[in-house]
Amino acid sequence: IGTQSTVILAVMDAACIKSCPPLLDYKTEKYVLTRNRRVGAFHRLLHLGIFCYTIGWVLVVKKGYQEIDSNPRFSVITKLKGVSVTKDFRELEEKLWDVADFVKPSQGENVLFLVTNFIATPGQVQSVCPESPLVLDGRCGEDLDCSAAEAVVNGNGIKTGKCIRLNATHSTCEIYGWCPVENGSLMSKPLLNEAENFTLFIKHAVHFGKFNFFRANTLETSSETYFKSCRYDPIHTPYCPVFRIQDIIRKVGHSFEELSILGGVVAVHIEWKCDLDHSVALCKPRYHFRLQEKKNNFRTATYYWNKERQEYRDLLKLYGIRFDISVTGEARRFGVIPTAVSFGTACAFLGAATFLCDLILLYLDEKANFYWDCKYEEVAPQQ
Amino acid sequence: IGTQSTVILAVMDAACIKSCPPLLDYKTEKYVLTRNRRVGAFHRLLHLGIFCYTIGWVLVVKKGYQEIDSNPRFSVITKLKGVSVTKDFRELEEKLWDVADFVKPSQGENVLFLVTNFIATPGQVQSVCPESPLVLDGRCGEDLDCSAAEAVVNGNGIKTGKCIRLNATHSTCEIYGWCPVENGSLMSKPLLNEAENFTLFIKHAVHFGKFNFFRANTLETSSETYFKSCRYDPIHTPYCPVFRIQDIIRKVGHSFEELSILGGVVAVHIEWKCDLDHSVALCKPRYHFRLQEKKNNFRTATYYWNKERQEYRDLLKLYGIRFDISVTGEARRFGVIPTAVSFGTACAFLGAATFLCDLILLYLDEKANFYWDCKYEEVAPQQ
Amino acid sequence: IGTQSTVILAVMDAACIKSCPPLLDYKTEKYVLTRNRRVGAFHRLLHLGIFCYTIGWVLVVKKGYQEIDSNPRFSVITKLKGVSVTKDFRELEEKLWDVADFVKPSQGENVLFLVTNFIATPGQVQSVCPESPLVLDGRCGEDLDCSAAEAVVNGNGIKTGKCIRLNATHSTCEIYGWCPVENGSLMSKPLLNEAENFTLFIKHAVHFGKFNFFRANTLETSSETYFKSCRYDPIHTPYCPVFRIQDIIRKVGHSFEELSILGGVVAVHIEWKCDLDHSVALCKPRYHFRLQEKKNNFRTATYYWNKERQEYRDLLKLYGIRFDISVTGEARRFGVIPTAVSFGTACAFLGAATFLCDLILLYLDEKANFYWDCKYEEVAPQQ
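Chains as they are written, first to last, in the UniProt record's numbering: chain A, 1 to 383; chain B, 1 to 383; chain C, 1 to 383.
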């Protein structure tokens, strides 16, 4: 209480000696002071427990004095870079892959697909041809096995009713569909088998709306040439989000060579934990990688119309590694209400502690009756 | 209090008979015990109310003793399967559609588009041609109606200033743009009208970061062949996320035939509610379907350069059903702080109940003055 | 207390005059009433503070009586419309762009890319050719500068070991890769430089699962023709989410002409703040725009197989503006538990206020000893 208020109170005191409004009377609970060491010690122990819980657990460990925003909005821009080095590049049969070939979609969003292998079936047209012998339901011995107008289960078309001999051992139903059917087998040596120099650049920004706090995973000052040469390291270069593909694949416990044959799905999770009461410099993204699927492929086709307006297509079955980038974040800052609730809870528990001790004193203690009579003063208005 | 602490307290008692630190005195509030049944009953009623609210509502119904994580991160992998069976497949005019034809984009992300109908305009080049008579602003009576260098509103190009007679009834402005303009009308019988055997496989996983709890909607043990034959059923096969397209469309209250002509947008919402204090087996995804739009189409084009390096394109206006898959989740687990806040609030309310009863006793009761004098013991230090 | 309960209590009173269960005794704390104005005033000040904090801050400002759902799920449907008007459209060298040309992907999801400029390299095949002189690592003086079988850093292929003279001043290594290499320079006048009439239609809906509250940014009653002519205005047409591209670019502080040369990334953030205790009509979306990147491009290619089954491709390096649309929301509604916690905290603080005043009265006041003796009534059981 400052000097000013002291003066005000002194004036008030002088002004109303006896006729003062009872509003300023101070009422304090009357206590019974017992020298009961057992209950007293227990009471102090409870106080200590509440104190430790509130200070230690709620405030220090759980930071219960802070408001939390765990719904940041974010945007992700990705860029895959690299040229696939095939060892015997002089044989023209081998192919060189660049970014336009192996990244789909190429816009650089938060899901991207790195093509590592494919089966191409160019020049398909709608006509009749034998089903692939790889499709179980397409195999046949005679025409009766191929009921006309029925779709081949997990196959490529509709049976016409004929059974066609492919070679000495295989016969398959003739189908109506895109012909010829996909028949190429996957190379066990993937087309894109050298990814040492491939890099994935993940630029993103988070915005915590509650605190209007904005943060990016790249330093504003960084020049473009910096990102061309740097590689991510959590300690030395936390603001260089450039990852070598091989490092990512190794972190999820596989080799690139292994995954590149049949493809896979790798979840890239970026986590922000920002304590805005501390230095903002400590608020750095953490990157987690996890293999979600050991197989991944999809089919895509490009369509053409020739001069007779007949449609044909080039079918591609692409195998590859899909990167699913997700960002989550949690920002915390001192807030009045969470602090109040934390302390309010502690206050309420202090009351509960007294209640508990009273129970012991009044019901379990040897002299319970004596304490009862001391605590409760029976009064009765005169009837 | 265990035997050990009893011993400690006995020693303390003996050591400090009168000179003991007052820290271990136990102070308990002195109460005035009144036989006022009305206020007493009201007091007990309030206690009962607080008790019921805390146990019944806060703890049982709202599970206020649990911490909540409602921000799981998740990843979705989708796969559409099927071959469109056209009834008169022997007429080569009809077309057979497979996955590469009717799914766009084909990567299997959380938004996918099932093409059901289209208008193709192959071989467009940049030149001049009459605007489509379907565009209102393109119609004209004479050259003056077509102001040169002005774009046709909602049209396909820029007017050159000429009006061209198409037939006896229609004249349209000549435009500069991709020619010829799109003019095909939509078939009222959609191209993809049989989707009985189409299935949508939605594989996804959720990860609740707060509890480090991971869950997928497919059983780890399930073989790939299992997913080829199973269909989703909430009771019998909750871990087989394979849906027939027709079933989904029927659930949103339409027929596939109806939606497939002009397309539509179907929101697929997957909801997880996991109580980690109970058996994890009860934590299953629930699927909700909702029709968001009754029309859906977009235009896409493929570009070519012929030998004279002239560019031309094939334009496709695709109609279809877009599936928007979203995942939300909420996991709950016992937490110390929410429990403490729940009980702390209850304790605080017990104090408030006493305050309320005091108000009645001291201001509303017939003998209020008597109780006032009993409760408040006036003291004044000697001046 | 109603008349019924009064009757019940009167009966209870009559039934048990003295032998009544002590359960219905009302016990009230005994208080010591002091005329200490200083502490009394301080006590009232604390009460006033708690009252103001609870009513003013917690309930009015922070609306602590409400439950919050800040995890809505949402779906976004976008549509870009417009025809690029090039001024001298009569020169056939210039190109007219329409939606199928400049929007990628074209499905209308929450990320869309508006192509504004490009470099085309048609007809690339896998063979040997000199590297582009723009790639630093590809320049050479003699064959020794080009180590065979090594990839050109940030280049287009693998060195064959030869150094090739391009012209009087430049020599580059011969590479194996897609040939010829991309060499076109960007036009400083972008291809898509007139976007006055381009519009972005952003249709979306949010669903707050906790309150089962659904809301869209378009009026259900609006006809399709309404959206063809309306433009967004926060006051007059809040439910017309049609934005002119130029307006968006201007809002982020740039001109369309400037951004269209090298592209850029614009974050479109839609924010819902809904107070369900008030009129739902007040719950409108707010749109925020922010420039995230000043450069944006990606490469894409289309593949062909000629009759000799040789593969070739048309490479496109596309520059453009990417729109990243994100939706966040927060809905609030009266909830029993947050209200209880707010009031419970206030109750607990009232107790803490008394404790604080007691400290002053018993330790800091001039007559502290006197008050101590009044407050604490020492009792001791007879040994």
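No wet-lab data here; the hints were simulated from the structure. Only a predicted model underlies this, so the values are computations on that prediction, with no experimental measurement involved. Heads up, some of the hints might be wrong.
Below, computed lysine-lysine pairings styled on DSS-like, alpha-carbon distance capped at 25 Å [as the list claims (entries may be wrong)]: (1) LYS317/A to LYS79/B; (2) LYS317/A to LYS81/A; (3) LYS27/C to LYS367/A; (4) LYS228/C to LYS295/B; (5) LYS81/A to LYS104/C; (6) LYS62/C to LYS79/C; (7) LYS295/B to LYS79/C; (8) LYS210/A to LYS210/C; (9) LYS210/C to LYS367/B; (10) LYS251/A to LYS81/A; (11) LYS203/B to LYS317/A; (12) LYS62/A to LYS63/B.
Verification of the hints:
{"no.": "1", "hint": "LYS317/A to LYS79/B", "in the structure": "14 Å, holds"}
{"no.": "2", "hint": "LYS317/A to LYS81/A", "in the structure": "23 Å, holds"}
{"no.": "3", "hint": "LYS27/C to LYS367/A", "in the structure": "21 Å, holds"}
{"no.": "4", "hint": "LYS228/C to LYS295/B", "in the structure": "15 Å, holds"}
{"no.": "5", "hint": "LYS81/A to LYS104/C", "in the structure": "21 Å, holds"}
{"no.": "6", "hint": "LYS62/C to LYS79/C", "in the structure": "38 Å, violated"}
{"no.": "7", "hint": "LYS295/B to LYS79/C", "in the structure": "13 Å, holds"}
{"no.": "8", "hint": "LYS210/A to LYS210/C", "in the structure": "20 Å, holds"}
{"no.": "9", "hint": "LYS210/C to LYS367/B", "in the structure": "50 Å, violated"}
{"no.": "10", "hint": "LYS251/A to LYS81/A", "in the structure": "20 Å, holds"}
{"no.": "11", "hint": "LYS203/B to LYS317/A", "in the structure": "20 Å, holds"}
{"no.": "12", "hint": "LYS62/A to LYS63/B", "in the structure": "20 Å, holds"}
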